[in-house]
Amino acid sequence: MKKTAPILLLSALGLASSPASAVTINKTLCVSSLSKSLSGKTVTFWGFKDGGSGGMMGCGMMGGSATVPGPILEIGAGDTLNLTLNVNMMTPQEASPYNGHTIHLHGADVQTSEDGVPETNGNAVMGDTYTWTPSVGHEGSYPYHCHVHTVKHLEMGMYSAIIVRPRDGSGNFMNRLNQDAATAYDYSQVYVLSTVDPAYHTATGDSTVFADYNPQYFLLSGKEGKTTGAPAMTLAAAKNKKVALRLVGMHSTNSTFQIKDTGGNLKPFTVYIRDGRALPTPKTVTSLDISPGQRADLIVALPSTSGTWYPQVVYKKLRDNSAYAAVYGKITF
Amino acid sequence: MLKKLGLTVLLLLGHGSADAAERNFTLHIDDGDLTITGAGGTTLSIWGYGESAGLPAVPAPTLTVNEGDTVNVTVYNHHNAPHNFVVQNVTTDANPIAANGSKTYSFTAPAAGSYLYSDTLNNNINREMGLHGAFIVRPADDSNTAWTGGPAYDHERIWVISDMDKPRWNDVAAAGGSVNTAVYKPNYFMLNGLGGFDAMMDHNTMIMGMMDEVTLVRIVNAGQFSHSLHFHGNHFEVINVSGVRQSTPFEQWDTINVPPMSVAEVLYTVNQYGEYPMHIHTAQAETANGVYLNGGATMIMMH
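Note that the protein sequences, when read in sequence, are chains A and B.
The opening residue of the first sequence carries number 112 in my numbering; numbering runs sequentially from there.
The opening residue of the second sequence carries number 10 in my numbering; numbering runs sequentially from there.
Just so you know, these hints were derived from the structure itself, not from any lab.
Keep in mind that a hint or two might mislead.
Listed below are several chain A residues computed to face chain B (Cβ distance under 10 Å; list not exhaustive) [said to hold, decoys possible]: (1) S224; (2) H258; (3) T261; (4) Y311; (5) P326; (6) G360; (7) R388; (8) L390.
With a straight-line cut-off of 35 Å between C-alpha atoms, the simulated DSBU-like cross-links for lysine-lysine are [stated by the list, open to error]: (9) A:K138 <-> A:K352; (10) A:K441 <-> A:K394; (11) B:K194 <-> A:K147; (12) B:K112 <-> B:K194; (13) B:K194 <-> B:K175; (14) A:K427 <-> A:K147; (15) B:K194 <-> A:K371; (16) A:K441 <-> A:K427; (17) A:K350 <-> A:K334; (18) A:K337 <-> A:K352; (19) A:K352 <-> A:K152; (20) A:K152 <-> B:K194; (21) A:K428 <-> A:K394; (22) B:K112 <-> A:K334; (23) A:K353 <-> A:K394; (24) A:K352 <-> B:K112; (25) A:K441 <-> A:K371; (26) A:K337 <-> B:K194; (27) A:K427 <-> B:K194; (28) B:K112 <-> A:K427; (29) A:K152 <-> B:K175; (30) B:K194 <-> A:K428; (31) A:K352 <-> A:K334.
A virtual CB, placed ideally from N, CA and C, is assigned to each residue, including glycine.
Produce the complete structure using the sequences and hints provided.
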């Protein structure tokens, strides 16, 4: 399923950049059910879990626990990722025609055969290996998610992120968003945005439930974080340092990201990458809308005096942009 | 077929000479039906602008002119309620045309770009019922560029996005009832008036191209929901957001959010062979009354 003619042609032309330090990364993911307690209610999810590097033989009793979002993968620009999805008789799934699962490498722009869309490539839904070699220059954040009956399977929690990082000449990850030295950072975190309508978790098939989305829970990297006192994400940093935040939109509403101090004052941040492509002109802003499927890689410079800032996402209604809820992160320095 | 025939005729009328010209269009407002085929499909009661009396179309006929043209649009209202015709950010007369009345709107074609026209009356109900379409302004020299001196393209697609709440809005309004506009739960999502099963095979909606060919996609959201459109296969260049031309080099995204009553223009270049979907990434907008993929989706075919 890999290395068909067009790719070989690109390589021959030298267009597919592949630095000497690039490596091949084999990773296996499995799928399991899990329960999460959200605002005191139990909701069943399907999550990805790490199955090691053993291809289709991974997972089983030795695998880790499934999480929502699933494992965050880090690869280098120029690396080749062989991402194997293990689907077996223990895997939770729907009845036909929405049985099985795939992995869609969202934004990777891979060949149709690697795209994980069963309707367009007849791709296997009972396990497959998806291969992607991101080019140098395509560093950034990419979601991966199941593309079978996406209206349900994404909602069920089958999503996470692949972070494409720059490597130096020795093959080590650089603490930069990409090769641009201006994107250097001291700390980084991934904020996966998602929303939950529990009715979608119990409905199956072509139920009319899927015509009406009523999100009840609002998550940042799988946690509610409803107040600054109980944030979804925390980071203990140091003053004068730079923090990279990678926003990955796997929600189904509008949203706005901001950073505020304890007094509620907006703090500027600089967006360097959107959807895995460096912005021709980085944008320093105090507010950024992230819609479903979008990503942003940004850097915030912490001040010279100690304090606490709260990165936060306000989830908003598709009709009028009025707020559903805010979810908070926290950075201390 | 009648809808497509009307579209073709109007395009032919609109693509005449390169000189500033007088362009005359006629639109007829009627009530009618819009059928979404395939699983989850239905027949929606609609109100629409049509090129001929008694043949309303959703979306309305695309009106295509050149920058600087004098445009005359005569609208006949055959429906039993007042309606109007407003080209967003272009025309200002929002007064009603009474039932059985008519009005001619005359204006100069504005800067090259994509515009939404709609009936702005009745608290969004008239637009939701189908009274909306695209107004396209090509450069004065009629070249295949987004604007004079702007990016060139090989193919052009117009995606008029709509959403409809059949039980709470269309059924009620068509029966002469009072719609509770505080509640809007659309269960149909369309590109060019088509559910996904049709839009994925419609040659006027699909992106189709050969290696290195560029398609200008004009996205006009006539709906009431924000729609976040995700393109598989390649990133696109963002050249216009909400009517604002972007500067070069353009940003490259794979997902763009188009708020209600706004437009966006992107350039999609074929850089590999294959078949890919383009779909709205929000949960229910991928469905027709819950049936997966019969909502806001089409295909990208690269040969």
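To see whether the hints hold, each was checked on the structure:
1. About 8 Å separates the beta-carbon of S224 of chain A from the nearest beta-carbon of chain B, less than 10 Å, and the hint is met.
2. A distance limit of 10 Å between C-beta atoms decides the matter here; for H258 of chain A the minimum to chain B is near 9 Å, and the interface restraint holds.
3. Because the closest C-beta pair between T261 of chain A and chain B is about 6 Å apart, less than 10 Å, the hint holds.
4. Nearest Cβ of chain B to the Cβ of Y311 of chain A: about 7 Å, under the 10 Å cut. The hint holds.
5. This hint holds: P326 of chain A has a C-beta 9 Å from the nearest C-beta of chain B, less than the 10 Å allowed.
6. For G360 of chain A, the shortest C-beta to C-beta distance to chain B is roughly 8 Å, which falls under 10 Å, so the interface hint holds.
7. Taken as an interface hint, R388 of chain A checks out: its beta carbon lies about 4 Å from the nearest beta carbon of chain B, inside 10 Å.
8. Because the smallest distance between the Cβ of L390 of chain A and any Cβ of chain B comes to about 6 Å, under 10 Å, the interface hint for this residue holds.
9. Under the criterion of a C-alpha separation no larger than 35 Å, the hint pairing K138 of chain A with K352 of chain A is consistent with the structure, at around 33 Å.
10. For the hint pairing K441 of chain A with K394 of chain A, the CA-to-CA distance comes to about 22 Å; that is within 35 Å, so the pair holds.
11. For the hint pairing K194 of chain B with K147 of chain A, the CA-to-CA distance comes to about 28 Å; that is within 35 Å, so the pair holds.
12. Among the hinted pairs, K112 of chain B with K194 of chain B is consistent with the structure: their alpha-carbon atoms are about 34 Å apart, no more than 35 Å.
13. The hinted pair formed by K194 of chain B and K175 of chain B meets the criterion: a straight-line CA distance of about 9 Å does not exceed 35 Å.
14. Between K427 of chain A and K147 of chain A the alpha-carbon distance is near 23 Å, which keeps this suggested pair within the 35 Å criterion.
15. Taking the CA atoms of K194 of chain B and K371 of chain A, the gap is about 33 Å. The hint holds against a cut of 35 Å.
16. Taken as a hint, the K441 of chain A and K427 of chain A pair is honoured in the structure, with Cα atoms around 21 Å apart against an allowance of 35 Å.
17. For the hint pairing K350 of chain A with K334 of chain A, the CA-to-CA distance comes to about 26 Å; that is within 35 Å, so the pair holds.
18. The suggested pairing of K337 of chain A with K352 of chain A holds, with an alpha-carbon distance near 27 Å, which does not exceed 35 Å.
19. Straight-line distance between C-alpha atoms of K352 of chain A and K152 of chain A comes to about 39 Å, which puts the hinted pair past the 35 Å bound.
20. A hinted pair counts as satisfied when its Cα atoms are at most 35 Å apart, and K152 of chain A with K194 of chain B qualifies at roughly 25 Å.
21. With a C-alpha separation of about 25 Å, the suggested pair K428 of chain A and K394 of chain A falls inside the 35 Å cut-off, and the hint holds.
22. Distance hint between K112 of chain B and K334 of chain A is unfulfilled; the C-alpha atoms sit about 56 Å from each other, more than 35 Å.
23. With a C-alpha separation of about 16 Å, the suggested pair K353 of chain A and K394 of chain A falls inside the 35 Å cut-off, and the hint holds.
24. Among the hinted pairs, K352 of chain A with K112 of chain B is inconsistent with the structure: their alpha-carbon atoms are about 64 Å apart, more than 35 Å.
25. Distance hint between K441 of chain A and K371 of chain A is fulfilled; the C-alpha atoms sit about 10 Å from each other, no more than 35 Å.
26. For the hint pairing K337 of chain A with K194 of chain B, the CA-to-CA distance comes to about 26 Å; that is within 35 Å, so the pair holds.
27. A distance of roughly 15 Å separates the Cα atoms of K427 of chain A and K194 of chain B; the hinted pair therefore holds under the 35 Å criterion.
28. Between K112 of chain B and K427 of chain A the alpha-carbon distance is near 39 Å, which puts this suggested pair outside the 35 Å criterion.
29. For the given pair, K152 of chain A sits about 32 Å from K175 of chain B by alpha-carbon distance, which is consistent with the 35 Å threshold.
30. A distance of roughly 12 Å separates the Cα atoms of K194 of chain B and K428 of chain A; the hinted pair therefore holds under the 35 Å criterion.
31. Straight-line distance between C-alpha atoms of K352 of chain A and K334 of chain A comes to about 26 Å, which keeps the hinted pair within the 35 Å bound.
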